[in-house]
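Q: Okay, here's what each chain looks like letter by letter:
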Amino acid sequence: MEDLHYLILKKERFHDFVRSVSEVGKLVAPVPKGFNNFAFEAVTSAGEIALRYIPTILPLKKFFMPQRETLLEFSTGRKGVVNAVVECEPVTIFGAHTCDLAGIQCLNMVFSERPRDQNYLTRKNQIALIGLECNEYCDQYANCHLVNASFPGGGYDIFFTDLGEFFIVHVKTQAGDMIVGAAGTFEKADSSHINELKKMRTQKRKIFNNEVPVDSRQIPEMFDRSFRARVWKELDERCLACGNCTNVCPTCYCFDIRDELDLSLKHGIRYRVWDSCQLEPFARVAGGMNFRKERAARQRHRYYRKFRYPVDRFARFFCTGCGRCTRTCMADISLKETLNELIKESEDRVWKKWL
Amino acid sequence: MEKVVIKDSAYRLRKAKILHTKKLTANEKFFEIALADGELLDHEPGQFVMISLLGIGEVPISVSSSPTKRESFDICVRAVGKVTRSLHKLKAGSEIGIRGPYGQGFPIQILEGNDLLIVAGGLGIAPLRSLIKYVIDNRRDFGKIHILLGCKEPKELLFSDELDEWNSRADLYYACTVDRADPDWAGNVGLITTLIPGVDLDPQRTFAAVVGPPVMYNFVIKELLAKGIPERQILLSFERNMKCGNGKCGRCQIQNLYVCQNGPVFNYERIKNLSEAF
Ligand SMILES: Cc1cc2nc3c(=O)[nH]c(=O)nc-3n(C[C@H](O)[C@H](O)[C@H](O)COP(=O)(O)OP(=O)(O)OC[C@H]3O[C@@H](n4cnc5c(N)ncnc54)[C@H](O)[C@@H]3O)c2cc1C
Ligand code: SF4
Ligand code: SF4
Ligand code: FES
Numbered sequence: 001m002e003d004l005h006y007l008i009l010k011k012e013r014f015h016d017f018v019r020s021v022s023e024v025g026k027l028v029a030p031v032p033k034g035f036n037n038f039a040f041e042a043v044t045s046a047g048e049i050a051l052r053y054i055p056t057i058l059p060l061k062k063f064f065m066p067q068r069e070t071l072l073e074f075s076t077g078r079k080g081v082v083n084a085v086v087e088c089e090p091v092t093i094f095g096a097h098t099c100d101l102a103g104i105q106c107l108n109m110v111f112s113e114r115p116r117d118q119n120y121l122t123r124k125n126q127i128a129l130i131g132l133e134c135n136e137y138c139d140q141y142a143n144c145h146l147v148n149a150s151f152p153g154g155g156y157d158i159f160f161t162d163l164g165e166f167f168i169v170h171v172k173t174q175a176g177d178m179i180v181g182a183a184g185t186f187e188k189a190d191s192s193h194i195n196e197l198k199k200m201r202t203q204k205r206k207i208f209n210n211e212v213p214v215d216s217r218q219i220p221e222m223f224d225r226s227f228r229a230r231v232w233k234e235l236d237e238r239c240l241a242c243g244n245c246t247n248v249c250p251t252c253y254c255f256d257i258r259d260e261l262d263l264s265l266k267h268g269i270r271y272r273v274w275d276s277c278q279l280e281p282f283a284r285v286a287g288g289m290n291f292r293k294e295r296a297a298r299q300r301h302r303y304y305r306k307f308r309y310p311v312d313r314f315a316r317f318f319c320t321g322c323g324r325c326t327r328t329c330m331a332d333i334s335l336k337e338t339l340n341e342l343i344k345e346s347e348d349r350v351w352k353k354w355l
Numbered sequence: 001m002e003k004v005v006i007k008d009s010a011y012r013l014r015k016a017k018i019l020h021t022k023k024l025t026a027n028e029k030f031f032e033i034a035l036a037d038g039e040l041l042d043h044e045p046g047q048f049v050m051i052s053l054l055g056i057g058e059v060p061i062s063v064s065s066s067p068t069k070r071e072s073f074d075i076c077v078r079a080v081g082k083v084t085r086s087l088h089k090l091k092a093g094s095e096i097g098i099r100g101p102y103g104q105g106f107p108i109q110i111l112e113g114n115d116l117l118i119v120a121g122g123l124g125i126a127p128l129r130s131l132i133k134y135v136i137d138n139r140r141d142f143g144k145i146h147i148l149l150g151c152k153e154p155k156e157l158l159f160s161d162e163l164d165e166w167n168s169r170a171d172l173y174y175a176c177t178v179d180r181a182d183p184d185w186a187g188n189v190g191l192i193t194t195l196i197p198g199v200d201l202d203p204q205r206t207f208a209a210v211v212g213p214p215v216m217y218n219f220v221i222k223e224l225l226a227k228g229i230p231e232r233q234i235l236l237s238f239e240r241n242m243k244c245g246n247g248k249c250g251r252c253q254i255q256n257l258y259v260c261q262n263g264p265v266f267n268y269e270r271i272k273n274l275s276e277a278f
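Same order as they appear, the protein sequences are chains V and L. Per the numbering used here, the very first residue in the first sequence carries number 1; after that it's consecutive. Per the numbering used here, the very first residue in the second sequence carries number 1; after that it's consecutive.
Worth flagging that the hints you see were computed from the coordinates, not collected in a lab. Only a predicted model underlies this, so the values are computations on that prediction, with no experimental measurement involved. C-beta: ideal position from N, C-alpha, C; glycine also. One or more of the hints may lead you astray.
[Stated by the list, open to error] 27 Å max Cα-Cα, derived DSS-like pairs, lysine-lysine:
hint, chain 1, residue 1, chain 2, residue 2
1, L, Lys222, V, Lys293
2, V, Lys79, L, Lys17
3, L, Lys3, V, Lys62
4, V, Lys62, L, Lys7
5, L, Lys3, V, Lys266
6, L, Lys17, L, Lys69
7, V, Lys10, V, Lys204
8, V, Lys10, V, Lys172
9, V, Lys79, L, Lys89
[What the hints assert, rightly or not] Not the full set, but computed from the structure, chain V residues with beta-carbon under 7 Å of chain L:
hint, residue
10, Leu71
11, Val82
12, Ala84
13, Val85
14, Phe255
15, Leu261
16, Phe291
Using the sequences plus the hints, can you model the full thing?
A: Take a look at the structure:
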């Protein structure tokens, strides 16, 4: 732990901090929406913010890659012009849990790959991220430890850890420095503060344990053996193909591109909207053939896009363990249960080899 | 919310003009297209472009001409839906938008010096025409060339005038078949697979380039393997739904591969174990 970069914010000054940040620009933070639901929304005072919250209904991707965003603006006719555009505004996001920071790291990798996606990257440059540590599990659906997202692993400008009387604050970037400097509510951390943080992390390591009985390094290999697993067939019968699990996932980024003309038929836009591999037409081609006709194949594709394919392409899982897919599924399909099934089936197969 | 114009967006369009159109069959139309400002498309045989009609949409279409034809390029489009039907209504002089070329085409550098067996089913001739024309224009760089063509009925044959030329060349082996003949048809009748056993080829130095409807692949591959052509030397081009053309939207994925970036041309060895490929 590099002591130099740690500050503290006393709890009684948190209000001042929130006010000062929100006065400079748009500040977004988790707010309670009733029935134990939370959402990232614009706030202006500390009272609106939920410091303890389970993952929000929609993840942070909605700020980086809005549900619907314009890519081109055009006018038709003789003097027609086409412009590639991006709609963006500076935003500071407070309270991102480590799983959601990991989700943004995944998207960063995807959209930085060539050809770079300037819509995403332009917007990203205008967003400051302030993380907030989970000292305990949010609920039983999370599997953040399994995918290495339960402790801070970068992806933030500033990171807050709640230690009761005060937050200990890690400043990582220049953007972070500017926010901290402008707020003027922070003090230097001393060794006693750092020790408290270390104590909390030690305690946390006892609470956060692999949520499914497998060494995460074995997961890619397990998926290599599981393409024809029984569990996909079971999901086929249960899944309603609603696409909720992909909409709420912080690392799902598939999209459709569509055109729209205004009423004059002279101006229009080309925009992209979130799409889902769980919907039937997703993999259908013009000839009418569908390469993932069965729900089993589509569910399998979702899991392979979380636990197998990105391991080769980006050297990480594209699951952050946030648990949103499980929490939202109308058919009670649970990510942890599916992984457990795969582990069981995989072990069965290994056993059979020896018998 | 601020709106910023971005210069280097991957979705930016290149302006292009339709120079010439020609109806090929009831459903397919040929277009010759030039980029505005005389820019070169600079594609490789087997690559595709995204064709944009503003306000209607954007679709991936193979380039049908050889890169040796420089000032303009060709496409051949089957009218199946919104964008392709609207495209069919356009006449010479109309403006369209182009993105690309995209994807991995046929590996020309590897093919040079070898024999080629080209197998085209139906609209599969559209991308293969770019390869055939390239090979004809650089004929001495290649060994023996066999072209096999198949479609459902004689009236669906594409580029029929060019087919006669290929047929009459002494430096090409050419055969054509239809599933169902009509009274005027004097040629072969039967599936395209029936043409393969009769081709006199040296399998070790032959590369097969196969493009056609999804159902064709399994049967054709079986015949090619029976001929003794190594798996690595069988090249297939796949069609998938595509929206971005640059490896992001997820539409074109075959397991861990993206057809728009890793393909559309793949060698059989690389994809033979991917069950989502066939
Ligand atoms: C690499 C590549 C190269 C290609 N090259 C060529 C080429 O050279 N020439 C060519 O003609 N084509 C080519 N294609 C295919 C071409 O891209 C498609 O035919 C085209 O995208 C169809 O677009 P559309 O808007 O006209 O049709 P769409 O409106 O998208 O409809 C296409 C078909 O899908 C069906 N469909 C669409 N939506 C639905 C729905 N909701 N329910 C039921 N059915 C539906 C329709 O029946 C229709 O027949 C290529 C494709 C790829 C990927
Ligand atoms: S949320 Fe559940 S029911 Fe809906 S598509 Fe996902 S797995 Fe299927
Ligand atoms: S797969 Fe489920 S648990 Fe994993 S990141 Fe997506 S929504 Fe969260
Ligand atoms: S077309 Fe979008 S990923 Fe291939």
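Q: Now look at each hint and say whether the structure bears it out.
A: Outcome of the hint check:
{"no.": "1", "hint": "L:Lys222 / V:Lys293", "verdict": "holds, 25 Å"}
{"no.": "2", "hint": "V:Lys79 / L:Lys17", "verdict": "holds, 14 Å"}
{"no.": "3", "hint": "L:Lys3 / V:Lys62", "verdict": "holds, 17 Å"}
{"no.": "4", "hint": "V:Lys62 / L:Lys7", "verdict": "holds, 24 Å"}
{"no.": "5", "hint": "L:Lys3 / V:Lys266", "verdict": "holds, 20 Å"}
{"no.": "6", "hint": "L:Lys17 / L:Lys69", "verdict": "holds, 16 Å"}
{"no.": "7", "hint": "V:Lys10 / V:Lys204", "verdict": "holds, 22 Å"}
{"no.": "8", "hint": "V:Lys10 / V:Lys172", "verdict": "holds, 19 Å"}
{"no.": "9", "hint": "V:Lys79 / L:Lys89", "verdict": "holds, 21 Å"}
{"no.": "10", "hint": "Leu71", "verdict": "holds, 4 Å"}
{"no.": "11", "hint": "Val82", "verdict": "holds, 5 Å"}
{"no.": "12", "hint": "Ala84", "verdict": "holds, 3 Å"}
{"no.": "13", "hint": "Val85", "verdict": "holds, 5 Å"}
{"no.": "14", "hint": "Phe255", "verdict": "holds, 5 Å"}
{"no.": "15", "hint": "Leu261", "verdict": "holds, 4 Å"}
{"no.": "16", "hint": "Phe291", "verdict": "holds, 6 Å"}
In summary, the structure agrees with every hint in the numbered list given earlier.
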